[in-house]
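Each chain, written out:
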Amino acid sequence: MRHTLAVLVENKPGVLARVSGLFSRRGYNIDSLAVGMTENPEISRMTIVVEGDDRVLAQVISQLSKLIDVISVSDLPSSESVDRGLALIKVAADMDTRAEILQIAGIFRAKIIDISAETLVIEVTGDKGKIRAIENMLGRFGIKEVVRTGRVALHRGTKTVGGEYR
Amino acid sequence: MTDTPISGAKALINCLKNEGVDTIFGYPGGVLLPLYDELYDSDINHILVRHEQCAAHAADGYARATGKVGVCLATSGPGATNLVTGIANAYMDSTPIVAITGQVPTPMIGNDAFQEADITGITLPITKHNYLVRDAEDLPWVVKEAFYIASTGRPGPVLIDLPKDITTDEFEFIYPKKTHLRGYHPDVGIDEDAVKRAASMILDSECPVIYAGGGVIISDSSSELLRLAETIQAPVTTTLLGIGAFPQSNKLSLRMLGMHGTKYANYAVQESDLLIAIGARFDDRVTGKIDAFAPHAKVIHIDIDPAEIRKNVRVDLPVIGDAKTILQSLNSHLQKMQTRSGAWLGKIDAWKKKHPLSYVQSDDVIKPQYVIQEIHRACPDAIIVTEVGQNQMWAAQYFQFENPRTFITSGGLGTMGYGFPAAIGAKVGCPDRTVIDIAGDGSFQMVSQELATVATNNIKVIVAILNNSYLGMVRQWQELFFDERYSYTDISQSVDFVKLAEAYNLVGIRAEKPSEVPAAISEALSADRTVVIDFVVDPTENVFPMVPAGAAINEILDPEVAA
Ligand SMILES: Cc1ncc(C[n+]2csc(CCOP(=O)(O)OP(=O)(O)O)c2C)c(N)n1
Ligand SMILES: [Mg+2]
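One line per chain: the protein sequences are Z and S, in this order.
Every letter in the first sequence is one number past the one before it in the numbering used here, and letter 46, counting from 1, is 305.
Every letter in the second sequence is one number past the one before it in the numbering used here, and letter 417, counting from 1, is 442.
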């Protein structure tokens, strides 16, 4: 099972090492991790996608909560949250294939952000499935490089995480 | 508080005094020169150890004996890395210590400067929290937080890394009154519903067992535990670290459970229908084969650390919070129950009669168990500290412990060389108590240089070496599980321990026959300085009962059965 955690942490040096060290040392699998400042500059927010059953999830949450620099940990169930990742895909493209690639990008509402005689760089945003789908479609043209961000997620509706601390 | 700027070094001393620190165990070095210069005039008692590992262990022993935070100090680089074993040891056993390390000046950090080590990085997984102080003005709140974090909730070691320039920078010192930690709330309150459910599970059970760990001692809830046990007439077994939490003379005591626990404790747990775990963490040395542990029992788990719940075993009812508060509330929900005693306690009494701890006494060769019994007879109120190995298990089995903070041992990490420095710390913290380190010949040789520390500081402890000429616990496993192939465990002829003690101008005593044991002990008790007693014991003696690693805890090896 995959779970998405929203973790508010102190925006201090070394916090990322504390969190990632905890995962490796206790053998929890991180699927993806994204970190950035929140609307409060003293606080950063990590979105961590972790693989494991309910027992592992409970352990991850309580071990994370024990870190002094961790302010709050919330589980975001997929049914109650929205999440996005971004990928940049450099795909081989020449005169013959460019039009078709543009068409595919259009269908995925992806953007072309760089072009050369032999390549295109495509920016695509979405959930994991969408990014995988466009990769599959582009595969036959020759993908030269892919870079992905970790996923970021928010609750749907009015709900927020960390309440009072933010 | 002062308006004139003072140096970071002076500020640190002020901070420590504000925290009530009276003793520091430490060792100086280049980057600590400004701090040591301040210590020179300070009324804080600094004990100069002979190896930094022992400063950490001494701080740990001080903390366990007194319940206060222990403090150790080491210089940058090798001084700091020498603390690592002691910090890891404190982490595993939830001991509150604050370790202060010197660091190279802030502009040089990250450049592989002379004696630079990334000690905050190194100790990340073995501290409750750590700090690298980057600005002298941060020092007061860092120290305030460090002591608060170390001593509250589930206690543990906190490290403060102090770059040299921080100790010389001057600033206006104000000590904060409170901490503001957004991410740390040790006072979790108490879930009254859970406590009520626990009470009703207890009322419904016929064969309950209380399984008490070090958390009972840390939270100072021995009297609440005693009241609970007597109210519900449930037998009590403790972990190694829980020894002292419940009086072993009480008829409800099952003594220790697990790998070298009593048979009756293990049998009781295996047949119980309700296991009430208090401040214990279901360590593998306790549970043996986890799937076969307490198979018929519902489990109530009382612990302050939510991360311990269901870490190793299924739990029917977690009750999270301070054990003392929870037990007080639980006791208020329970009435005295006399009815239970019949069948269940009768069964336990029969096990106790049938399977007492036992060994075969000898007239010619000293049995290590006998030494422990004699030490208990001569000095039942001593604080007993141990090394690691067979000596530790015999101390746990054959002394009779009645009070918390009287048994100090390295449980989670199993650190050879812990006992002697921890005994030093315990004695410094409790100068009026008799402190005895039950030692192994191997373990003591890891830290015997601290004889200089006790000699020069006039600290009196007794080191009772159960000298079996072997790394005995390893030898035992080789005998039982590796065809008696004693690979590198024979340490006979290492050193003359009597002469070693005398070389430090201390007292050395040797006992070679059982008849010499009582006199050796009383001579040691009356000596005016540290005594090393070399008890030459039977090298072939093994620790029993024993549950082989990975077996269920009722699958017990014991010569009594084998014979
Ligand atoms: C620092 C350290 N190194 C190695 C071990 C592994 N070990 C556990 S018990 C033991 C033997 C201890 O020998 P001794 O101190 O003579 O005690 P005995 O078992 O003989 O009583 C060893 C080597 C350990 N626990 N700690
Ligand atoms: Mg030995």
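Keep in mind that the hints were calculated from the coordinates and are not lab data.
Any given hint might turn out to be false.
[As the list claims (entries may be wrong)] Chain S stretches covered by chain Z per the calculated footprint, using a threshold of three residues with CB under 8 Å from any CB of chain Z:
{"#": "1", "segment": "149-158"}
{"#": "2", "segment": "326-335"}
{"#": "3", "segment": "373-384"}
Remember, predicted model here, so these are calculated numbers, not experimental data.
Glycine residues also receive a C-beta, built at the ideal position from the N, C-alpha and C atoms.
Going through the hints against the structure:
With 5 residues having a Cβ less than 8 Å from any Cβ of chain Z, the segment 149-158 of chain S passes the three-residue criterion, so the hint holds. With a cut-off of 8 Å between beta carbons, the segment 326-335 of chain S has 5 residues touching chain Z; three or more are needed, and the interface restraint holds. Residues of the segment 373-384 of chain S lying with their CB closer than 8 Å to a CB of chain Z number 0, which falls below the three-residue condition for coverage.
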